[in-house]
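A.B. asks: Here is how the chains run, residue by residue.
4 protein chains.
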Amino acid sequence: MWLRTRCELTFDFAVATPLILMLRPHGGAEQWVGREEYRLEPYVHACEFTDSYGNLCQRLTAPADDFTIVTSADVQVVERVDTAPGAPFVDIESLPDDVLIYLLPSRYCESDRFGQMAAEIAAGHTLGYDQVAAIAAWLRHRIRYVPGSSDVPISAVDVNLRQAGVCRDLSHLGIALCRGLSIPARLVVGYLHALAPMDMHAWFEAYVGGRWYTFDATQPGSAGGYVAIGYGRDAADVAIFNQFGPPANRTSQQVTVERLD
Amino acid sequence: MWLRTRCELTFDFAVATPLILMLRPHGGAEQWVGREEYRLEPYVHACEFTDSYGNLCQRLTAPADDFTIVTSADVQVVERVDTAPGAPFVDIESLPDDVLIYLLPSRYCESDRFGQMAAEIAAGHTLGYDQVAAIAAWLRHRIRYVPGSSDVPISAVDVNLRQAGVCRDLSHLGIALCRGLSIPARLVVGYLHALAPMDMHAWFEAYVGGRWYTFDATQPGSAGGYVAIGYGRDAADVAIFNQFGPPANRTSQQVTVERLD
Amino acid sequence: MWLRTRCELTFDFAVATPLILMLRPHGGAEQWVGREEYRLEPYVHACEFTDSYGNLCQRLTAPADDFTIVTSADVQVVERVDTAPGAPFVDIESLPDDVLIYLLPSRYCESDRFGQMAAEIAAGHTLGYDQVAAIAAWLRHRIRYVPGSSDVPISAVDVNLRQAGVCRDLSHLGIALCRGLSIPARLVVGYLHALAPMDMHAWFEAYVGGRWYTFDATQPGSAGGYVAIGYGRDAADVAIFNQFGPPANRTSQQVTVERLD
Amino acid sequence: MWLRTRCELTFDFAVATPLILMLRPHGGAEQWVGREEYRLEPYVHACEFTDSYGNLCQRLTAPADDFTIVTSADVQVVERVDTAPGAPFVDIESLPDDVLIYLLPSRYCESDRFGQMAAEIAAGHTLGYDQVAAIAAWLRHRIRYVPGSSDVPISAVDVNLRQAGVCRDLSHLGIALCRGLSIPARLVVGYLHALAPMDMHAWFEAYVGGRWYTFDATQPGSAGGYVAIGYGRDAADVAIFNQFGPPANRTSQQVTVERLD
Numbered sequence: 001m002w003l004r005t006r007c008e009l010t011f012d013f014a015v016a017t018p019l020i021l022m023l024r025p026h027g028g029a030e031q032w033v034g035r036e037e038y039r040l041e042p043y044v045h046a047c048e049f050t051d052s053y054g055n056l057c058q059r060l061t062a063p064a065d066d067f068t069i070v071t072s073a074d075v076q077v078v079e080r081v082d083t084a085p086g087a088p089f090v091d092i093e094s095l096p097d098d099v100l101i102y103l104l105p106s107r108y109c110e111s112d113r114f115g116q117m118a119a120e121i122a123a124g125h126t127l128g129y130d131q132v133a134a135i136a137a138w139l140r141h142r143i144r145y146v147p148g149s150s151d152v153p154i155s156a157v158d159v160n161l162r163q164a165g166v167c168r169d170l171s172h173l174g175i176a177l178c179r180g181l182s183i184p185a186r187l188v189v190g191y192l193h194a195l196a197p198m199d200m201h202a203w204f205e206a207y208v209g210g211r212w213y214t215f216d217a218t219q220p221g222s223a224g225g226y227v228a229i230g231y232g233r234d235a236a237d238v239a240i241f242n243q244f245g246p247p248a249n250r251t252s253q254q255v256t257v258e259r260l261d
Numbered sequence: 001m002w003l004r005t006r007c008e009l010t011f012d013f014a015v016a017t018p019l020i021l022m023l024r025p026h027g028g029a030e031q032w033v034g035r036e037e038y039r040l041e042p043y044v045h046a047c048e049f050t051d052s053y054g055n056l057c058q059r060l061t062a063p064a065d066d067f068t069i070v071t072s073a074d075v076q077v078v079e080r081v082d083t084a085p086g087a088p089f090v091d092i093e094s095l096p097d098d099v100l101i102y103l104l105p106s107r108y109c110e111s112d113r114f115g116q117m118a119a120e121i122a123a124g125h126t127l128g129y130d131q132v133a134a135i136a137a138w139l140r141h142r143i144r145y146v147p148g149s150s151d152v153p154i155s156a157v158d159v160n161l162r163q164a165g166v167c168r169d170l171s172h173l174g175i176a177l178c179r180g181l182s183i184p185a186r187l188v189v190g191y192l193h194a195l196a197p198m199d200m201h202a203w204f205e206a207y208v209g210g211r212w213y214t215f216d217a218t219q220p221g222s223a224g225g226y227v228a229i230g231y232g233r234d235a236a237d238v239a240i241f242n243q244f245g246p247p248a249n250r251t252s253q254q255v256t257v258e259r260l261d
Numbered sequence: 001m002w003l004r005t006r007c008e009l010t011f012d013f014a015v016a017t018p019l020i021l022m023l024r025p026h027g028g029a030e031q032w033v034g035r036e037e038y039r040l041e042p043y044v045h046a047c048e049f050t051d052s053y054g055n056l057c058q059r060l061t062a063p064a065d066d067f068t069i070v071t072s073a074d075v076q077v078v079e080r081v082d083t084a085p086g087a088p089f090v091d092i093e094s095l096p097d098d099v100l101i102y103l104l105p106s107r108y109c110e111s112d113r114f115g116q117m118a119a120e121i122a123a124g125h126t127l128g129y130d131q132v133a134a135i136a137a138w139l140r141h142r143i144r145y146v147p148g149s150s151d152v153p154i155s156a157v158d159v160n161l162r163q164a165g166v167c168r169d170l171s172h173l174g175i176a177l178c179r180g181l182s183i184p185a186r187l188v189v190g191y192l193h194a195l196a197p198m199d200m201h202a203w204f205e206a207y208v209g210g211r212w213y214t215f216d217a218t219q220p221g222s223a224g225g226y227v228a229i230g231y232g233r234d235a236a237d238v239a240i241f242n243q244f245g246p247p248a249n250r251t252s253q254q255v256t257v258e259r260l261d
Numbered sequence: 001m002w003l004r005t006r007c008e009l010t011f012d013f014a015v016a017t018p019l020i021l022m023l024r025p026h027g028g029a030e031q032w033v034g035r036e037e038y039r040l041e042p043y044v045h046a047c048e049f050t051d052s053y054g055n056l057c058q059r060l061t062a063p064a065d066d067f068t069i070v071t072s073a074d075v076q077v078v079e080r081v082d083t084a085p086g087a088p089f090v091d092i093e094s095l096p097d098d099v100l101i102y103l104l105p106s107r108y109c110e111s112d113r114f115g116q117m118a119a120e121i122a123a124g125h126t127l128g129y130d131q132v133a134a135i136a137a138w139l140r141h142r143i144r145y146v147p148g149s150s151d152v153p154i155s156a157v158d159v160n161l162r163q164a165g166v167c168r169d170l171s172h173l174g175i176a177l178c179r180g181l182s183i184p185a186r187l188v189v190g191y192l193h194a195l196a197p198m199d200m201h202a203w204f205e206a207y208v209g210g211r212w213y214t215f216d217a218t219q220p221g222s223a224g225g226y227v228a229i230g231y232g233r234d235a236a237d238v239a240i241f242n243q244f245g246p247p248a249n250r251t252s253q254q255v256t257v258e259r260l261d
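Protein chains in written order, with the numbering used here: chain A, 1 to 261; chain B, 1 to 261; chain C, 1 to 261; chain D, 1 to 261.
All clues given are correct.
Derived list of chain C stretches under chain A, where covered just means 3 residues or more per stretch with a C-beta under 8 Å from a C-beta of chain A: (1) 51 to 63; (2) 92 to 104.
Heads up, incomplete: computed chain C residues facing chain D, CB under 7 Å, no partners named: (3) His26; (4) Trp32; (5) Gly34; (6) Tyr38; (7) Ala46; (8) Glu48.
No lab work stands behind these hints, which were simulated from the structure alone. All values reported here derive from a predicted model rather than from experimental measurement. For every residue, glycine included, the Cβ atom is placed at its ideal position computed from N, Cα and C.
Construct all of the structure, not just a fragment, from the sequences and the given hints.
C.D. replies: Below, the structure is given as structure tokens:
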């Protein structure tokens with residue numbers, strides 16, 4: 001399906017403020033970008049670079065006072081995400097080199113603390129895909145999904161204590177649990193068609209059966225409509241914006257996702 | 001200045017044909033992409049990846065019969081390219097690691113054959129930028145620039161024999177001469193505002209004084225208006241398309257570059 | 001000076017256990033490896049790869065029962081580490097792309113929590129090197145360095161609470177404080193000549209004045225003798241070994257560093 | 001089997017001369033480095049870096065007059081290289097991204113000129129491994145292997161004209177022919193046990209059936225004993241040394257490979 005995404009960010013900074021943004025989707029095996037726009041109002045000089053995860057990042061210094069960023073894209077994505085019940089666990093020694101980094105603990109996914117808990121949640125399931133599916137189901141039933149409930153990322157340990165969180169929080173806990181079973185897992189940030197309430201979204205992927213599969217603890221079923229803008233170990237790697245210096249007086253974020261076909 | 005580029009490629013393949021394309025400009029220190037479009041008619045599944053030079057590449061299998069690719073972008077670029085008379089030669093031991101590859105000979109730039117000739121052309125000039133400027137001036141005066149004169153790339157040795165060539169050929173000879181002086185040089189492919197006749201364009205960059213500088217042996221002065229889509233050692237690295245299998249019955253390429261502001 | 005390092009790790013695993021190791025130093029701007037040895041007893045098939053930070057990593061499956069790894073290297077390193085009082089802070093917009101990752105919070109360096117505290121510690125110092133030097137001095141005076149006091153890494157927040165830690169802990173807090181001032185900082189793991197008691201060591205580097213500088217909150221002065229084996233955002237990236245599966249019955253680690261000239 | 005390699009290079013330079021060397025083997029799926037040595041006489045400051053192909057490279061400035069480099073390594077390699085008759089051709093659209101670069105023409109492998117000839121040599125063979133085996137057999141029968149016959153690399157077109165060459169030349173022609181069939185192929189430089197006369201060696205690999213396979217047009221059978229030190233598109237990428245400036249008055253190279261077990 002073709003989706004048209006749009007994100008409008010507005011800031012009111014007291015002083016000129018450096019920003020690093022991750023707002024430009026790029027193509028991959030699962031999505032194709034047919035049209036895309038990135039407006040800066042007022043226009044300031046901006047640089048783009050590719051980070052070590054392959055994400056397109058933009059670097060600029062936002063001027064003081066009002067500053068608006070509008071990005072929009074037409075992206076072709078799959079109707080349903082692939083599922084693969086029974087897909088096997090991949091032995092550490094058989095994992096591709098560049099997947100190994102997703103086994104390690106990271107800022108918001110203290111996987112070194114979740115081995116025992118993960119083993120309990122996944123007990124009785126075939127090693128691999130089915131374990132991850134059990135983790136996602138457990139998250140859906142046990143951790144309350146409360147959109148808008150947190151401003152700044154909290155780590156998997158805290159999510160587990162609060163038993164509630166935003167999409168990013170559930171994903172962080174899911175990732176920590178997967179890694180606790182030696183299953184590589186990573187965070188994806190982007191858009192989801194028909195998300196309610198509409199906003200930027202976060203989900204996770206696990207590496208089983210020789211490839212990455214999509215899991216979303218906030219959504220039932222396996223409907224597609226995901227547009228990725230960034231991949232990383234957790235939200236510390238994939239912030240749609242990082243700002244340096246005093247916080248903005250005001251920030252607003254408006255997101256829409258529309259189906260085109 | 002803001003430029004709107006457009007490139008329309010049409011093919012008529014006898015059989016389904018794999019293509020690797022390099023048609024999506026991306027941002028860097030010198031250019032910012034504000035809008036961008038990539039249409040496939042008919043639409044086929046396509047994948048995007050980043051090559052080892054950082055270029056965005058698209059991979060797809062074109063269907064038999066008519067196939068059209070239309071790409072378009074609004075890009076902000078500089079009015080004048082930077083020049084730096086006197087900028088010094090950088091010692092081999094001080095070059096950044098990732099620049100070293102641009103010292104070596106490559107498919108169309110047999111720099112190992114041009115040491116003597118480069119030394120003669122650049123004789124009497126300060127080591128560094130001025131040597132490259134002398135090479136570019138020599139190319140302008142001695143190698144006839146004949147747009148449309150060659151279909152397939154020829155190497156620097158052949159360009160030097162023919163004393164004539166397209167923009168890519170002059171660039172290849174320029175690169176081979178720079179490398180012959182141990183100055184890193186690379187090919188850039190993209191668009192140039194007000195190029196006559198309008199077409200895709202190629203120019204080169206040399207690394208002196210601690211950064212890359214733009215040189216164009218086909219143009220006088222230092223007007224800007226360059227939109228880069230790919231960087232590499234020579235045209236073997238930066239083809240706007242590589243096709244695998246029997247050649248197309250027909251290929252056409254229409255390029256426009258329009259100033260927006 | 002030439003140093004001879006030696007590290008002997010012995011394990012007693014109940015079952016065959018996958019390991020990812022980081023025990024082979026490699027050359028860089030600051031060190032040259034003249035001789036090097038990596039023995040596996042008993043010998044098992046092992047693979048080597050380079051991670052995204054450029055570290056050499058070794059992957060193997062350790063057999064059940066006794067398994068010993070002996071690594072040794074002769075490395076030429078500097079007598080004194082470079083210092084640069086007054087070296088300026090580098091603006092976010094001027095940092096090299098590959099340095100940006102070291103500005104972000106990571107598993108053991110929750111820099112997003114340390115902005116205020118870092119500003120207080122560094123108050124009154126010139127932006128840049130002097131701020132980092134102030135942080136290192138503060139760590140030396142305020143956080144007790146207790147070799148052998150912790151087994152598993154604790155994060156900067158916890159180090160700050162305990163006011164004590166091993167070399168890795170002090171480094172984590174130093175890194176979190178630097179990043180809190182928008183100064184890129186990274187962890188280095190390796191050997192230090194004349195460290196007492198002798199063991200593997202960890203220190204940190206900060207990026208100011210256009211390059212990385214070494215800081216060590218556990219050592220006075222600026223004596224050299226550092227042999228690096230891994231660089232990363234924190235100890236989650238640079239473990240000398242990661243094991244997957246049940247813990248070893250017994251692990252021992254013997255380290256020596258000897259001066260050769 | 002365990003092999004001990006040794007290479008001694010001696011130079012007599014008129015002036016201090018920058019060198020980029022590729023003389024340190026590193027581990028991979030097929031080889032493990034158990035001991036290794038790299039001596040510079042006299043000792044000069046040297047830096048090491050990893051190039052875009054993953055090879056370890058050393059950069060230094062050799063002093064005027066006598067300069068000697070001695071490298072030695074103990075490497076565990078396979079007794080026989082893997083063969084896979086019938087392993088299928090991999091469609092362009094299914095090749096891993098990082099393999100695609102090995103489809104393109106390069107300095108010494110003008111594969112764009114060899115499509116027709118490759119098709120004739122491989123006619124009647126199953127697409128994939130068997131085509132490459134046919135090319136290797138053709139090289140063995142038709143191109144005379146004359147160790148020591150050329151000093152500087154010549155390109156595949158010239159090798160084909162001369163019908164004779166050193167190991168590197170036969171490999172270049174083999175690579176050009178493979179790529180002419182849209183089969184990725186790359187050059188490997190290193191050591192071969194029991195090579196006669198003993199010297200550095202070059203062979204090639206082709207990507208079929210989902211992985212790289214070793215081919216050597218200078219050797220019958222599929223005996224192992226290969227120690228790789230560098231991989232690349234051709235000899236322009238993988239020179240054991242590149243020097244910049246006037247040629248040495250004298251260069252000598254002594255190589256030994258000894259079996260340890």
